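Participant: Each chain, written out:
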Amino acid sequence: METLAFQGLVGLSLAMYLWLIAAGLTIVFGVLGILNFAHGSLYMLGAYFAFTCYGLWGINFWLSILLSLIGVALVSLVMERFFLRFIYHLDVAYQLLLTFGFILIFDDAVKITWGGVFMIPPMPDFFSGAIPIFGRSFPVYNLFIIGAGIGVAIGLWLILERTWWGRIIRASASDREMAGAIGVNIPILFTAVFMFGAALAAFGGALSTPVRVVAPGIGATVIIQAFVVTVIGGLGNLKGAFVGAIIVGVLTAYGILLFPIFELFIIFVVMAIVLLLKPEGLFGG
Amino acid sequence: MMTRKGVSIFGYGYKKVSNLLLLLLIVVLFFVPQLAGKYPMYMAMHILILSVFALGFNLLLGYTGLLSFGQAGFYACGAYGCGKVLILIPSLLPGIISGVLFAGVTAVILGFLCIRHTRIYFAMLTLCFGMMIYSLAWKWHTMTGGDDGLVGIPRAPLEIPGIFSIDMSSLQNYYYFVLIVCLLAIGLLYRIVKSPFGLILQGIRDSESRVSFSGVSVKNYRLIAFTIGGLYAGLAGALLPPLENTVTPPLAHWTHSAEPVLATLLGGIHTFSGPVVGAFLFYVIKDVIVRFTEYWLICLGVIVLALVMGLPGGVVSIFEQKLIPWVRLRFAGRSLH
Numbered sequence: 016m017e018t019l020a021f022q023g024l025v026g027l028s029l030a031m032y033l034w035l036i037a038a039g040l041t042i043v044f045g046v047l048g049i050l051n052f053a054h055g056s057l058y059m060l061g062a063y064f065a066f067t068c069y070g071l072w073g074i075n076f077w078l079s080i081l082l083s084l085i086g087v088a089l090v091s092l093v094m095e096r097f098f099l100r101f102i103y104h105l106d107v108a109y110q111l112l113l114t115f116g117f118i119l120i121f122d123d124a125v126k127i128t129w130g131g132v133f134m135i136p137p138m139p140d141f142f143s144g145a146i147p148i149f150g151r152s153f154p155v156y157n158l159f160i161i162g163a164g165i166g167v168a169i170g171l172w173l174i175l176e177r178t179w180w181g182r183i184i185r186a187s188a189s190d191r192e193m194a195g196a197i198g199v200n201i202p203i204l205f206t207a208v209f210m211f212g213a214a215l216a217a218f219g220g221a222l223s224t225p226v227r228v229v230a231p232g233i234g235a236t237v238i239i240q241a242f243v244v245t246v247i248g249g250l251g252n253l254k255g256a257f258v259g260a261i262i263v264g265v266l267t268a269y270g271i272l273l274f275p276i277f278e279l280f281i282i283f284v285v286m287a288i289v290l291l292l293k294p295e296g297l298f299g300g
Numbered sequence: 335m336m337t338r339k340g341v342s343i344f345g346y347g348y349k350k351v352s353n354l355l356l357l358l359l360i361v362v363l364f365f366v367p368q369l370a371g372k373y374p375m376y377m378a379m380h381i382l383i384l385s386v387f388a389l390g391f392n393l394l395l396g397y398t399g400l401l402s403f404g405q406a407g408f409y410a411c412g413a414y415g416c417g418k419v420l421i422l423i424p425s426l427l428p429g430i431i432s433g434v435l436f437a438g439v440t441a442v443i444l445g446f447l448c449i450r451h452t453r454i455y456f457a458m459l460t461l462c463f464g465m466m467i468y469s470l471a472w473k474w475h476t477m478t479g480g481d482d483g484l485v486g487i488p489r490a491p492l493e494i495p496g497i498f499s500i501d502m503s504s505l506q507n508y509y510y511f512v513l514i515v516c517l518l519a520i521g522l523l524y525r526i527v528k529s530p531f532g533l534i535l536q537g538i539r540d541s542e543s544r545v546s547f548s549g550v551s552v553k554n555y556r557l558i559a560f561t562i563g564g565l566y567a568g569l570a571g572a573l574l575p576p577l578e579n580t581v582t583p584p585l586a587h588w589t590h591s592a593e594p595v596l597a598t599l600l601g602g603i604h605t606f607s608g609p610v611v612g613a614f615l616f617y618v619i620k621d622v623i624v625r626f627t628e629y630w631l632i633c634l635g636v637i638v639l640a641l642v643m644g645l646p647g648g649v650v651s652i653f654e655q656k657l658i659p660w661v662r663l664r665f666a667g668r669s670l671h
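Just so you know, the protein sequences line up as chains Z and Y, in that order. Under the numbering used here, think of the first position of the first sequence as 16, with each following residue one higher. Under the numbering used here, think of the first position of the second sequence as 335, with each following residue one higher.
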C-alpha cells in the first residue's frame, strides 16, 4: 500500500516535468495553430543553457534558470520571425517538416558546442537530500518540482483569466481574424506567444538538469511525451494538458512498477483510445 | 499543373523524351555493379529502398491527402517479420513475403482505426501507432531482441525448392534482386495511380464530399490506400535485413517516419516521380556532406528549411514548371519552324 502511494508521488513529480513541456506546446498550438515538433529541442536547449551557466560557469542556480529562459526565448524569436511566420498558411506537412528541420539543426548544434556525451551537473545544496515519506526517502528536489509545476499552473491560469494580455491571447485563439479586426497586432502577438511557449519548455529543461540526463537527441523523446499529454488533454487546451500530464506521469510510474515491459506501450494505448473516441481530447469540445 | 500536351524538346514529344530517359536510367541501374563498384551499389540499394518506402507514403499524402507520421512502424514490421523468418528459415522469398504480409496485416488493422480521422488527428493517430510498434520493438526482449535488435540475419539464397536456387552471398546478386523487386513495385504503383482507383483517390484528396456524393465509399478507398502504403513500407523494410544482417528498434521510431516525408517533399508531392527523386537527393546530399563533416544533420536541417521556405512544390515541380518550358522556348521553337 505504501509502495503504491509512494509511487503515486513519483508519478506526480514526473507529471510536472511533462506539464511544463506540454503547457508551452499546447499554448502555441492553441494560438498559432501550428504543431511545433522542435518544442522538445527547445526544452533540450533550455537544459543545456542552464547546465552551462550553473554547472560550468558556477552562476547562481536561479539566475542560471533565468538566463536559460532568455536564451531560448531569443532562439525562438529567430525561429518565429524568420521562418514559422511564412508557413502558417501552408499545409500541416510543411509545418512538421520545417520544425523537424530545426530539430536536426539544434541536435547537431548541441553536439558541436557541448560534445556528444551526456552530463549531469551538480545539485544545488539547498535541494539535495531526501525526506522520509510513506516509509521511504523522497528527494527534496522532486518536491520542489511538484511545487514549481503547480505554481506555473496557477500563474498561467491567472495570466490567461485575469489579465489584459490573457484576454487578448484567448480572443486570438478563438477567432484570429476578428481579434485582428478589432486592433490586436496579430504578428507581434504570435511572436510573443511563441517565445512564451518556448520559455516554458526551457523552464522545464532548466529544472530537469540536476536530476535528468542532459544529452543531444533528448528533444525527439521529450516531444513525443509532450504530444501524448497534449493529445490526451486536447490540443490547445491548457487545463487538459495539466490533467493529461498527471494521467501520463502517474500511469508511467505505476507502469514501471507493475508491468515494466509494456509501460511505454500503455501510454500510447491511452493516447490512441482518446484520439479514437474523443479526438478533441478529454477536455476539448 | 501546366499541360504537357504540345510540349516538345528538340522536336520530340515530352512523352517520348521522358520514356527514353527512363529507359536510359534503368539501363544504367542494371550496369551499376560493372560500372561503379561496391559502394555505389550499396548506395543505390538504399536509394531504391527509400524510394519504395516514400512512394507508398506519397500514395497517402500526395494522392489521398493523408499525412501519415507512422510509416516507420510498418517499415519495422516488414523488417522484423523478414528478419525473424530468415533466422528460422534461411530462404529469401519466405522472409520477404512474410515481412510484407506482416506489415500489410498490421496496416489493415491499424488503418481501419486511423481512417476515421483526417488531417492533424490522422497524423497524430499514425504517429501514436508507429510509436506503439517502436515501444514493443524496444521493450519486448523475448520477441524482438530489445535494444540490440535481431542480429545475425543471413542473406539467404533465393530459391524455390526443386526448381532453382540463386546464391545471394555476393552483394551483386542481392543488388539485382533488390533492383528488380523495386522496379516491379514502382511500376505496379504507377499502374495503380493511373488507374480509375488512383483517380478516385485524387478525387478524395481534392473534394471528399463530391466523391462521396457520387456514391463512392470514401472510407474503403482510404483504407485500401492506407494498406497499400503499409505494404510498400513493409516491402522496403523487408529488403533491409538481408542487406544489413541486423534489425534494430530505431527503424520504428518517429524520426524514421520523417524520412519518407522528407524525401517526398524534397522531390515533390504532386508528381509520381517526386519521392524517387527525393530519395536520390537525400542520399546524395548525405554522401556529399559526410565527406566534409560528421555533422551532416545540421546541413540537412538547413536544406530542409531552405526547401520549405524556398520551393514548397519540390524539385520535380521546378523542373516541370520552369525548366521544360524554358527548354521549349529556347530550342523547340527553332525545330518546329
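Calculated from the structure, these hints are not laboratory results. Where hints are given, some of them may not hold.
Here chain Y is said to cover these stretches of chain Z; the calculated rule only asks that three of the stretch's residues, wherever they fall, bring their Cβ under 8 Å from a Cβ of chain Y [to be verified]:
(1) 27-39
(2) 81-90
(3) 159-173
(4) 196-209
Here are the simulated EDC-like pairs of lysine to aspartate or glutamate, each with C-alpha atoms no more than 20 Å apart in a straight line [what the hints assert, rightly or not]:
(5) K553/Y - E542/Y
(6) K553/Y - D540/Y
(7) K528/Y - D540/Y
(8) K126/Z - E493/Y
(9) K254/Z - E295/Z
(10) K473/Y - E278/Z
Predicted model only: the values in this text are computed from it and were never measured. All residues carry an ideal CB built from backbone N, CA and C; glycine is no exception.
Participant: Would the hint linking K528/Y and D540/Y be met if the CA-CA limit is 20 Å?
Facilitator: With Cα atoms ~16 Å apart, K528/Y and D540/Y stay inside 20 Å; holds.
Participant: Is it true that the CA of K553/Y sits at most 20 Å from the CA of D540/Y?
Facilitator: Roughly 15 Å separates the two Cα atoms, so the pair holds.
Participant: Compare the distance between the alpha carbons of K553/Y and E542/Y with 20 Å, and conclude whether the hinted pair is satisfied.
Facilitator: holds (10 Å)
Participant: Under the criterion that the straight-line Cα-Cα distance not exceed 20 Å, is the pair K254/Z, E295/Z satisfied?
Facilitator: Judged against 20 Å, a Cα distance of about 13 Å means the pair holds.
Participant: Given that the stretch 196-209 of chain Z was listed as covered by chain Y, double-check it with a C-beta distance under 8 Å for 3 or more residues.
Facilitator: Coverage by chain Y is violated for the stretch 196-209 of chain Z (0 residues, Cβ < 8 Å).
Participant: Within the stretch 27-39 of chain Z, is the number of residues with a Cβ closer than 8 Å to a Cβ of chain Y three or more?
Facilitator: The restraint on the stretch 27-39 of chain Z is violated, since only 0 of its residues have a Cβ under 8 Å from chain Y and three are required.
Participant: Does E278/Z lie within 20 Å of K473/Y when you go C-alpha to C-alpha?
Facilitator: holds (9 Å)
Participant: Report holds or violated for chain Y covering the stretch 159-173 of chain Z, Cβ cut-off 8 Å, minimum 3 residues.
Facilitator: violated (count 0)
Participant: Residue count check for the stretch 81-90 of chain Z against chain Y: does it reach three with CB-CB under 8 Å?
Facilitator: Check failed, 0 qualifying residues.
Participant: Given the hint that K126/Z pairs with E493/Y, test it: the Cα-Cα distance must not exceed 20 Å.
Facilitator: Answer violated: K126/Z to E493/Y is near 47 Å, above 20 Å.
Of the hints listed earlier, those the structure fails to meet are numbers 1, 2, 3, 4 and 8, in rising order.
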